[in-house]
Amino acid sequence: MRRLNFQTAGLFLVLAIILSGCGTTGTEQSGHNGAAGIDGSGAAASGAQRAQLFQGTELDNPASPLSNRVIRFDFDSNVIKPEYLPILQAHGEYLATHPEYKVSLEGHTDERGSREYNLALGERRAKAVQRILLLNGAAAEQLGTVSYGEEKPVDPGHNEAAWAKNRRAVLVYYQ
Amino acid sequence: MNLTWTFVLSALILLLPTRTSAQVTIPITGGAIGALPIAIAPFRVESGAAAPPEDIAAIIQDDLYRTGLLAPLPRKDLIAHPASLSEVRFQDWRALGVDNLVVGSVSPDPDGGYQVSFELLDVYKSSRLAGKRYRVQPNAVRTLAHTISNVIFETLFGRPGGFNTQIAYVETERSGDKTVHRLVVADADAHNAQIILSSDAPIMSPAWSPDRQYIAYVSFEGGRSEVYVQEVASGERRAVASFNGINSAPAWSPEGTQLALTLSKDGDPNIYILNLASGNLRQLTHSPSIDTEPVWTPDGRQIIFTSDRGGGPQVYRLAITGGEAERLTFEGSYNARPAISPDGRLLAMVHRENGKFKIAVLDLQTRLMRVLTDGPLDESPSFAPNGATLLYSGVLGAKAVLATVSVYGRAHEQLGIFRPDVKEPTWSPL
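Residue numbers (the working numbering), protein chains in the order written: chain A, 1 to 175; chain B, 1 to 430.
Just chain A, same shape as in the assembly (with noise of 0.2 Å):
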């Protein structure tokens, strides 16, 4: 499985932009030949190839539902709140479009309770998102469930902050 990372792919970019601009002298246009300056190889210049041919843009622009890949969830509940539905219904009907796209969706949940019961509810949190991306047009195969219960929280504190932040679905997308 190989896991798309769109912010190591604009890095490249970025990269490969500031190394061709040092590698040649400020008179000389910075290109894509330039950045054989990493190592020689031009390696930097295909990796921002890529990352044009994944549409990163359009998966990160801050303009569109799709940038949303977070669900949160009430305590010990698995219901989708309602503003929740127009992210997911975009990222159904995106994967309908895109099948060379794949979504892992994770379920986690906060450290209240026993840590069994949380990886199972973790499981229903995951399984919930997905049933609506099946709805809006995303085909099964696309799609894989995976719970980490209470065990990966985003924010380690033992406050409501905190686990209101941790009891949530993620969308990791993947080729």
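Be aware that a few hints might be false.
Here are the computed lysine-lysine pairs in the DSS-like style, where the Cα-Cα straight-line distance is at most 27 Å [as the list claims (entries may be wrong)]:
#, chain 1, residue 1, chain 2, residue 2
1, B, K399, A, K152
2, A, K152, A, K102
3, A, K127, A, K165
4, A, K165, A, K102
5, A, K152, A, K81
6, B, K76, B, K132
7, A, K165, B, K76
8, A, K152, A, K165
9, A, K127, A, K81
10, B, K265, A, K152
11, A, K102, A, K81
12, B, K178, B, K399
13, B, K399, B, K356
14, B, K76, B, K125
15, A, K102, B, K356
16, A, K165, B, K399
17, A, K152, B, K356
18, B, K265, A, K127
19, A, K152, A, K127
20, B, K178, A, K165
21, A, K152, B, K132
22, A, K81, B, K76
Restraint-style ranges between C-beta atoms, simulated for each label pair [claimed, not checked]:
#, chain 1, residue 1, chain 2, residue 2, range
23, B, R238, A, P65, 27 to 33 Å
24, A, P62, B, D363, 53 to 59 Å
25, B, R133, A, A162, 36 to 42 Å
26, A, A139, B, P298, 26 to 32 Å
27, B, A398, A, Q175, 39 to 45 Å
28, B, H81, A, G157, 46 to 52 Å
Rather than coming from a laboratory, the hints here were simulated on the basis of the structure. Computed from a predicted structure; not experimentally measured. For every residue, glycine included, the Cβ atom is placed at its ideal position computed from N, Cα and C.
Using the hints provided, position chain B relative to the given structure of chain A.
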């Protein structure tokens, strides 16, 4: 495979908090009303002997206090420090109201190390109940102290004390973006911690085999939950459940040949019985709800588990042959993670009360439930093999703690405060 074995060869090393970053403190707080009063005199160091590296009487005192069945007199209240029966003035101890007195001494052994002797005395009968002499190397003094605690407990209560048993727990340590997860085995008083698995992925639900030779656990190292069985002494291990979906909540059958597991390979999490020798798998529950956290009754004939088939999580009981599950818990809207006492009579669990998660005990005969701890984030109760003490994890301020509480609701003690997060303690069998 991220597998780290660490062996500790000298007890002296244990005193340094370098092996794991665990920092163990044993504060003794609170009274023990109704427990048997006992006095443990400091063991006299005879002339010619170097002071042993551990305070034997203090270790015994902590062991006995933690059961909740005995109330050791604070050392400062001891009226004398006798080292043998011949030095004891029993009437003085009767006046103090103690039922039993432990005395002992340490003398040099000609072969190196120490000779340690102790006597357990009945204050009212002015007689000796038990007494032994041991030869011990300096690095085994702590182990010897636990052995003496065993003799005292078994003499007074007629059942094993289990003070030489071990606990296993999971600790996690965050540094920047990286989190390290470790499976740790330690003595029952949290000393002598040894890492048996280190991973950058979460580890869950350690469970001792009945013979203490294996630990089953859940590891996410493969990108999802899978169940492994690892031999404690060698570190050798194998994955025993790697189906699609959840593989978790391993529980050993009393004879150690089968594991009860939670699998969601067919959609919803249900409980299965895995035969470890044949690999044969049998589905026990068939519900669209969450069924998880199975434990076996000591007779091996029933499985007790958590299910939300009634709406919220509650504890149920089911015959190993299947059939209708019987609901056991009715107090409160959240009861989960059952643990059963060695005699099969008590059920400890995580119980929510006023928004706080506490440890509670249900008596399966009287059906009375008692809340033992204050929360707010207590979980993972585990019975000591002597059945008197529960070990659990909780959060105190921002710190994770392992704590013990007497099932009789008398002694409430923090076993230790650990700098990294510590969770899921589980006590080994005898």
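Hints, verified against the model:
1. B:K399 to A:K152: 17 Å, holds
2. A:K152 to A:K102: Holds. K152 (chain A) to K102 (chain A) sits at ~22 Å (cutoff 27 Å).
3. A:K127 to A:K165: 19 Å, holds
4. A:K165 to A:K102: 25 Å, holds
5. A:K152 to A:K81: Judged against 27 Å, a Cα distance of about 22 Å means the pair holds.
6. B:K76 to B:K132: 26 Å, holds
7. A:K165 to B:K76: 50 Å, violated
8. A:K152 to A:K165: This hinted pair holds, its Cα atoms lying about 11 Å apart.
9. A:K127 to A:K81: 14 Å, holds
10. B:K265 to A:K152: 22 Å, holds
11. A:K102 to A:K81: Since the Cα atoms of K102 (chain A) and K81 (chain A) sit roughly 24 Å apart, the hinted pair holds (cutoff 27 Å).
12. B:K178 to B:K399: With Cα atoms ~19 Å apart, K178 (chain B) and K399 (chain B) stay inside 27 Å; holds.
13. B:K399 to B:K356: 17 Å, holds
14. B:K76 to B:K125: The hint holds at about 25 Å.
15. A:K102 to B:K356: 40 Å, violated
16. A:K165 to B:K399: 20 Å, holds
17. A:K152 to B:K356: 22 Å, holds
18. B:K265 to A:K127: 13 Å, holds
19. A:K152 to A:K127: 18 Å, holds
20. B:K178 to A:K165: 19 Å, holds
21. A:K152 to B:K132: 51 Å, violated
22. A:K81 to B:K76: 61 Å, violated
23. B:R238 to A:P65: 27 to 33 Å: 45 Å, violated
24. A:P62 to B:D363: 53 to 59 Å: Once the Cβ atoms are compared, 58 Å apart, the range 53 to 59 Å for D363 (chain B) and P62 (chain A) holds.
25. B:R133 to A:A162: 36 to 42 Å: 56 Å, violated
26. A:A139 to B:P298: 26 to 32 Å: 49 Å, violated
27. B:A398 to A:Q175: 39 to 45 Å: 41 Å, holds
28. B:H81 to A:G157: 46 to 52 Å: Since H81 (chain B) and G157 (chain A) have Cβ atoms about 49 Å apart, the given range 46 to 52 Å holds.
Hint check: violations occur at hints 7, 15, 21, 22, 23, 25, 26; the rest are consistent with the structure.
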